[in-house]
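Chain residues, written in single-letter form:
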Amino acid sequence: GQQLNQSPQSMFIQEGEDVSMNCTSSSIFNTWLWYKQDPGEGPVLLIALYKAGELTSNGRLTAQFGITRKDSFLNISASIPSDVGIYFCAGQNFNSGGSNYKLTFGKGTLLTVNP
Amino acid sequence: GAVVSQHPSRVICKSGTSVKIECRSLDFQATTMFWYRQFPKQSLMLMATSNEGSKATYEQGVEKDKFLINHASLTLSTLTVTSAHPEDSSFYICSAGSPGTSSYEQYFGPGTRLTVT
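Line order of the protein sequences matches chains H and E.
Counted the way our numbering counts, the first sequence spans residues 9 to 123.
Counted the way our numbering counts, the second sequence spans residues 926 to 1042.
Residues from chain E shown here face chain H by an in silico Cβ test under 7 Å; the list is partial:
hint, residue
1, S968
2, L969
3, I1018
4, Y1029
5, F1033
6, G1034
7, P1035
8, G1036
Each computed PhoX-like pair below joins lysine-lysine, with the alpha-carbon atoms no more than 20 Å apart:
hint, chain 1, residue 1, chain 2, residue 2
9, H, K110, E, K980
10, E, K989, H, K110
11, E, K945, E, K991
Just so you know, the hints here were simulated from the structure itself, not pulled from any lab data.
Glycine included, C-beta positions come from ideal geometry on N, C-alpha and C.
Just chain E, with the same shape it has in the complex (with noise of 0.2 Å):
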């Protein structure tokens, strides 16, 4: 159980252009979705905390114009990455999870390579 996708695996994209990633619980609902940003050879930043039918929290530095996230159910969460740079190249990691009386486990995605040429 617990299991996480992600759609696609790996895009490369031109500069310019925009590129949406799908994060999806297959066997749960989720309340809440974050979203990660991993550089190489760095450890997991969170960008932003996706709550179903509410606006995305986003953390500091990150801008919420750029990185546009829609929770639209409580199985599916998209990040959209408008007017892609070669800076936004990086591994985008998405997590899952509903609280529990006494924990919060959050599942992870395998993971969204984008590399934006």
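Pulled out of the complex, with its shape left as it was, chain H reads as follows (with noise of 0.2 Å):
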């Protein structure tokens, strides 16, 4: 099936510094979302954007959902040991009158965090 472009594909950092992961599309989607999948389970939603331009914070994470609706950035800011795993950005093009609430996922970003 399709999937996204995400980049990079992995991020070696150290505790305490910044990350920036981002995904694009060929095509454009109404809806993005950021997940983190930590070994042997399933993705947990992180952040969800609705709007062009939308910018979105959880906590230390910031994502924003890109103005031609082709693409999405997350960071990830002052980074914890435990920021350790998968990240999957995920377009949706939800349609509350359609019935394709189907995701279309990124390859995924590992990130390493050294203490």
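Each of the two chains sits in its own frame; use the hints to bring them together as a complex.
Rendered as structure tokens:
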């Protein structure tokens, strides 16, 4: 199936550093979501974005919905060891009158934080 | 709120046997459930969309006769891997949700690790 282009594939950083990752798509979405997955677990929703240009924060996490609707980025500030995991972006074209709620996932960014 | 459970968390089966995986929404009613498969170091790939009381919609390339999906109630969907083979070994994850007026959030289960020997 279709996938989003997510970069970087992996990052190795020191505790306290800021992190940035992004996703791009060839087609538009009306919703962008960012998930974190720990090993052997299901993804957990971090941030959901519903409007082009929207900038949303959740603690040390900040994400933006690109104005073109074809991209999104996620920033993590002052990283800590528990930020380790795989981060996935996902796009969705939710339509309350329709029936397609499918998510299209990026390939993920593996984040390693060295204490 | 919005808790989704899966059972079992891990299962090992012999080649040729069938395995059933359950997905339950514990504190909400899910009109739609989704089944994903995730191979090591890869992303989640949608297998099928399951709507309560109707037949599942399978993604291209997913064999509906091999991966049987039943969504008998608003809180339970099951995935049965029939005649499992080693290449079916994977991490299977379900998600559940219901549409709101302006959004549709999916809540993911913890996953089921299937190993076929």
